[in-house]
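Participant: Now for the letters of each chain:
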Amino acid sequence: MSDSHTSIAVIEARGLVKRFPGVVALAGMDFELQAGEVHCLVGENGAGKSTLIKILSGFYVPDEGGVYVDGEPMQANTAAAKAAGIATIHQEHNLVPNLSVAENILLGDWGGKSGIVSKQAVRARAKSALDQVAPGIDLNAPAMALSTGEGQMVEIARAIAQDARVVIMDEPTTALADHDVAKLFTLVNDLRARGLAILYVSHKLEEVFELADKITVIRDGQTVASSVPAAQLNTQSVVRLMVGDNVNMYEHVPRQRGEVVLEARGLSRAGAFADVDLQVHAGEIVGLAGLIGAGRTEVARCIYGADRLEKGVVYLDGKKLTLRGARSGINAGIALVPEERKQQGIIPGLSVRENTTLSLLKQVSHWGILKLGIERKLAQKYIGDLSIKTPTAETSIRSLSGGNQQKVIIARCLASNPRVLILDEPTKGIDIGAKAEIHRLIEQLARTGVAVLIISSELPELLALSDRVVVMRRGRIVGELDRAAATKENVMSYAAA
Amino acid sequence: MTISTHLDSPSPGSGATQPKKRKLTGSVAGRLIGAQGLLIVVLAFGAALSFLSPVFLSPINLINLLYQSTILGVFAIGMTFVILTAGIDVSVGATAAVTSVLSMGVIVRMGMPDIVGIFAGLLIGIIIGAINGLMVTKLGISPLIATLATLSAGVGLAFAYSDGGNITPVPQILTSAVNAKLFGIPLLIPAVLIIAFIAHLGLTRTTFGRSIYAVGGNPEAALLAGIRVDRIKMLAYVICGLTAAIAGLLLTGRLASGSPRAGDGLELTVIAAVVIGGTSLFGGQGNIKGTLLGVLLISMVSNAVNLLGIPSSYDKIVQGAVIFAAAALDVYRYKYVQRGLSRRAKLAPPPSSSASTSTPFSPAPTDSAASSRAEN
Ligand SMILES: Nc1ncnc2c1ncn2[C@@H]1O[C@H](COP(=O)(O)OP(=O)(O)OP(=O)(O)O)[C@@H](O)[C@H]1O
Ligand SMILES: [Mg+2]
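Chains as they are written, first to last, in full-length UniProt numbering: chain A, 1 to 497; chain B, 1 to 376.
Bound conformation, chain B alone:
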């Protein structure tokens, strides 16, 4: 599939006469797009902010920043699993909304014990995830379309059930889960870190995690190696649904009501955080550490908008720019890896090699293009 030889355009400055300069750009670029790169970006952004706003580095703001990141973090942890399988789930916001109104409905309208409502909420997340998973695996619907369908149905369901209004009062267990503090630090922060750590172990130390990477990296090879590809994908969507439900419950606590607007429009922010965190939309590459950094970066953008007194409507625009940068970075990173760390990556990207024109969600060209270059 490689046609670069014939399509590469001349690239000024990539001649054999300037090896020094190339090496430099190459290695800097190499580091910037790696895992450490993101940490550097986060730190640099933080440093810039601390100059622009004296408040930024204050303990209260930093704690607030982390606190604001928690719910996004919960969403993003689950999303990482799905994106690692080269899938996508745009229904997470809707899942959170459905969870929010239904669990509150169980508690308030049906008068069930709090804990029953909470479990009902979690179960709903799992069910929605399973529906997504079934559509993707058994029906072969593309992940974007499948989860778009659940997004739409979910939002509709949440509004229908709540008549568009909020359901109150929220039981104390949920509000305190969100608000409880110890030594001034919201307990939610360590709780989310624990969830993240479990997810990290799940991805790196279990057969399931290994299978996730295999399925995302090369589904056909994974299948032939005996991995139950469909089951793994199903599980990934279920995990994503579950984390969306947890996030929905937390949102309920924070909003102090069961709201059909909980999680509204969050899906894009979540996906952006994961991709900024280095998880490739092409599948098979990424990790939880990166996701957490991505979440932090996105929260810092909102934080900056706040601190600098920029009208909050600009928040979305800035976020849009960040998402764009993340996506561009992903394509770039993908090509870079594909070229086997060749230093040429930066200088002469093949303008229309088949890899760059193929759809980002189909893994097959990913592999063959990568390998026909890497091999023989």
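Chain A with its partners taken away, still in its complex shape:
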């Protein structure tokens, strides 16, 4: 769109090499970003996107190569990156929770050489930045009171207040509700119009094609398509570039539906949900739809036993369950892929193998003694089945890319051979190829008679997978649609009314 008036790169990376023990994250990568463009970076999980971003924002020092700003080499530290006008918006909230919005916007930059923070000056500067982004947000509110979407707006305001010339966004929409996504896009377009350079990372290709002027595809730490105008590409060609092959997209195949496996009656928990009735049959995939905050996660956690039900009963194969703690859910044959991989999923100090077998320590041990051989085999099997990209099963899970960590958590749930599998946002941050794999896996599992309950804020995913969609709104079930009737419009008319 704006190629005409810019041709000098604002920021450029040349020959970047970054190695980690056992992996080459970037293998001689070149990249350039120009003013007034939205440049989308796509690639499989573990391709090196986040590593590139961390180098551009001065957080990592490359082993080889360097970053250049306006043709000048940039020092490899975060202060230099900031001075060069590079602002990075990470996937999660990066705000200091108990500081006000205004203070967050000018974080570390409160002015006043004397070290005294002038409240008024702070407010004035913060206000002008916030007004350009989201005038509705209260400057005095503590950051912890903000929704994810609002938090992101504040971070963008921070970038503006810093006179950033380059804004980097790493998977900004994974945690956003639909209307916040729309707001974000407007804002991104606005930033572009002011001549900022925007680097945007996402696994959602629809988003990419909606926003991108240019697209760079990376695979195994190298660019396979560099700064290609978005108009010259389409979803298929990008996917082919990403994986080096065609991806067989998931296709729904009708399945035999068996007896009711999971039945919930009259579930209630104050402040979260009320009177929830739910049935999932053997071999059935039920999608739980609703807006963020509708109470889906809470229902899932209660069925699993992680949270206390205040009212209601859960039956599994007709037997009433006594749910007290996640252990009881697992013992009954329920598995849950939790919503937040970092807080609720991974154990950072343990290896891929140890993380995989965490829910089935009983099965991989005898009288409390671990059978490491069996553990290893199991981990290896899932590394293969789910194409988990890791140097070995003994690698610390912490050093895996986000999407691959998610796969390990899914492996943990599959490994426990559940009767009921509950997945809460299972493909958050997962690349398109892996997503298709996971969808096929869920499908196969259902085929073997597992009852599957899936929560996803990505409606297309939910609709593609589900045999039946149950819609929640404000803690109540407001509608149920079978596969034929479950269209985006129908679901939204229930969810958002």
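There could be a bad hint or two in this list.
What the hints assert, rightly or not - Sample of chain B residues at the chain A side, in silico, Cβ under 8 Å:
#1 R210
#2 Y213
#3 E220
#4 A221
If you are wondering where the hints come from, they were derived from the structure by calculation, not from laboratory data.
Beta carbons: idealized from backbone N, C-alpha and C, even for Gly.
Got chain A; can you put chain B with the ligands on it based on the hints?
Facilitator: The following block gives chain B with the ligands in isolation, referenced to the frame of chain A:
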């Protein structure tokens, strides 16, 4: 939670222009703070000592050094379990004192058989550990406060029961457990190594050990993965209480009396040994091997003070310095790991990122801060 981007101060020398130098510092630092690093420190310290004092390398002194390490080692093995769960137990010294006077009371005052007294002592350690565990898990009291309470109550109980005096005579079984030698080597040394080996297997080869790491590494995820977090923590405190009781009995043998002063003030030394040994106060990281090396290093400090004729009151000061170094090392190591082995760790630590300002005993920020950097 990461705010480093905006708070990092410029760090001279971290520019892209000096990659060679950085690599070097990075990898040296990397090795120094790893497990081998400690071994290197211990060996280097030993080498220095052998220059300063000709006696140091004599077999008698070396055996003595190991012998002096044994009781501290027993304490530290149990403490490792607790610290791995991101907890702490400052009541171990008091537990040893209570064990010492009560078990001797059972034997001397009540006239029970020796073995009954010994088992009573062990049971007391288990009970105190269980009380600590219950306070931490069921009542949600912070580990430091909870065990401080037992520390205080324990010391009081030990003094009240013994009227502040010593209870004698100590049965021969206890004195010989401490003093028995074979070929000039105190049997206590291999005995403690065996305990350490069992603990090592427990941590690395059992479901319990795996759960300890999971609970310390990310309690919320552990809970959702079906681990009974409270039970695991309870067990860790019970083990710590039990080892403190064993140490208390050994101290009784060594002091040749049931003393309310047995184990007095040892808790800090024990914690220091564990942390020096590489077990993180943040939980989820560490092992028994490191703990043994930490114990050895602390004993070497005392040994050095002795050999070099430094007044023994300086012992505490030196120890203080070592503890400080250990704690600083822990914070440093934590940041280093958190940055995913980034070579930047040494050069530009974020001065006030949320991770460094959060309390060391709360695991939640640990995880989110670590991961928001490591991911996406
Ligand atoms: N701190 C680290 N230590 C060790 N290995 C790492 C570290 N960070 C990344 N890696 C490895 O480098 C490679 C690239 O990771 P990166 O996070 O850049 O991928 P990504 O493209 O962002 O993937 P995703 O889409 O899953 O977020 C991966 O193989 C990953 O395992
Ligand atoms: Mg990433």
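Participant: If you take the shortest Cβ to Cβ gap from Y213(B) to chain A, is it below 8 Å?
Facilitator: 6 Å, holds
Participant: Using 8 Å as the Cβ threshold, decide whether A221(B) counts as touching chain A.
Facilitator: Check passed: Cβ of A221(B) comes within 5 Å of chain A, closer than 8 Å.
Participant: For the restraint on E220(B), tell me whether the closest CB of chain A is nearer than 8 Å.
Facilitator: Given a least distance of 5 Å, the restraint on E220(B) holds.
Participant: Restraint: R210(B) near chain A, CB-CB cut 8 Å. Satisfied or not?
Facilitator: 6 Å, holds
Violated hints are absent here; each numbered hint is respected by the structure.
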